[in-house]
Amino acid sequence: MRSPQSFNQLPSPNRKQLLPSAPFAKEEKDEENAGEKRKLQLSPEQCSNFYAEQFGKVFFPNLTAYMSSGPIVAMVLARNCAVSYWKELLGPSNSLKARITHAHSLRALYGTDELRNGLHGSLSISSAEKEIRFMFPEAILEPIPTGQRAQDYLNLYVKPTLLAGLTALCREKPADPLIWLADWLIEHNPNKPKLRYRISQ
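Just remember that the numbering used here sits 2 ahead of the position in the sequence shown, which is counted from 1.
Bear in mind the hints are in silico, worked out from the structure with no lab data behind them.
Note that the structure is a prediction, hence the values are computed from the model and not measured.
For glycine and all other residues, C-beta sits at the position ideal for the given N, C-alpha and C.
Where hints are given, some of them may not hold.
Unchecked claim - Below are the DSSO-like pairs computed for lysine-lysine, each with C-alpha atoms no more than 27 angstroms apart in a straight line:
id	residue 1	residue 2
1	K194	K161
2	K132	K89
3	K59	K132
4	K175	K161
5	K161	K196
6	K175	K194
7	K39	K89
8	K59	K89
9	K41	K89
10	K89	K99
11	K41	K132
12	K132	K39
13	K59	K99
Stated by the list, open to error - So the derived label-pair ranges between C-beta atoms look like this:
id	residue 1	residue 2	range
14	V160	L125	31 to 39 angstroms
15	G72	T148	37 to 45 angstroms
16	K41	D178	37 to 45 angstroms
17	P63	Q153	47 to 55 angstroms
Sequences are here, hints too, so could you generate the full structure?
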């Protein structure tokens, strides 16, 4: 099953800080996977709402107290199979077990136990969508088209304009073709807003 986005949460106060050498640091720098990111501190009430599915479990009060004890960094990982990819990087939820079975996982490296496991990751696509909406209410979640849908989109919206631009580029033969094509595409963008009336000065 394909999952274009995953929600990730990194607790940060008085805990092992995530170092630039952490395996996910490369994801952060990779524009293809760059998504929303923000640092915030949740109140105990917000944590209770975020972890509502865990309500009634023995660890729930400790979980909400821990997660509201300091700032966190919330991130969205946007890539193909993001949920399963992030779960693989995280390793088991119990950091003590992770050190034995998945020694190079993020939770083995940065967590201390099952509660303070260093990082949170969405368990499924539906929970990722819910968690992204919780942390980033303004975010627009759109599925990435694949297969025939992607091909149809390209044929209808991208190829006609791009083909016209490449044809004009071949006729013009500019000194810097990349800059010329970029300017041409901006100028001939079919989705660019058009002013009906000219504003006089």
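Right, here's what the structure says about each hint:
Straight-line distance between C-alpha atoms of K194 and K161 comes to about 17 angstroms, which keeps the hinted pair within the 27 angstroms bound. For the hint pairing K132 with K89, the CA-to-CA distance comes to about 17 angstroms; that is within 27 angstroms, so the pair holds. Between K59 and K132, the direct Cα distance comes to roughly 21 angstroms. Compliance with the 27 angstroms bound is thereby established for this hinted pair. Taken as a hint, the K175 and K161 pair is honoured in the structure, with Cα atoms around 20 angstroms apart against an allowance of 27 angstroms.
The hinted pair formed by K161 and K196 meets the criterion: a straight-line CA distance of about 22 angstroms does not exceed 27 angstroms. The suggested pairing of K175 with K194 holds, with an alpha-carbon distance near 25 angstroms, which does not exceed 27 angstroms. For a cut-off of 27 angstroms, the pair hint linking K39 to K89 stands: about 18 angstroms separates their Cα positions. A threshold of 27 angstroms between alpha carbons decides the hint, and for K59 with K89 the separation of about 22 angstroms falls inside it, so the pair holds.
With a CA separation close to 21 angstroms, the supplied pair K41 and K89 stays within the 27 angstroms bound. At roughly 15 angstroms between alpha-carbon atoms, K89 and K99 fall within 27 angstroms of each other, so this suggested pair holds. With a C-alpha separation of about 18 angstroms, the suggested pairing of K41 with K132 holds against the 27 angstroms cut-off. With a CA separation close to 16 angstroms, the supplied pair K132 and K39 stays within the 27 angstroms bound.
Simply put, K59 and K99 have alpha-carbon atoms about 21 angstroms apart, close enough for the 27 angstroms limit, and the pair holds. A beta carbon spacing of about 35 angstroms between V160 and L125 agrees with the range 31 to 39 angstroms that was offered as a hint. Checking the proposed 37 to 45 angstroms range against G72 and T148 shows it holds: the Cβ atoms sit about 39 angstroms from each other. A hinted range of 37 to 45 angstroms for the beta carbons of K41 and D178 is consistent with their spacing of about 40 angstroms.
One distance hint, 47 to 55 angstroms for the beta-carbon pair P63 and Q153, holds here, with the actual separation near 51 angstroms.
When the structure is compared with the earlier hints, no violation turns up for any of them.
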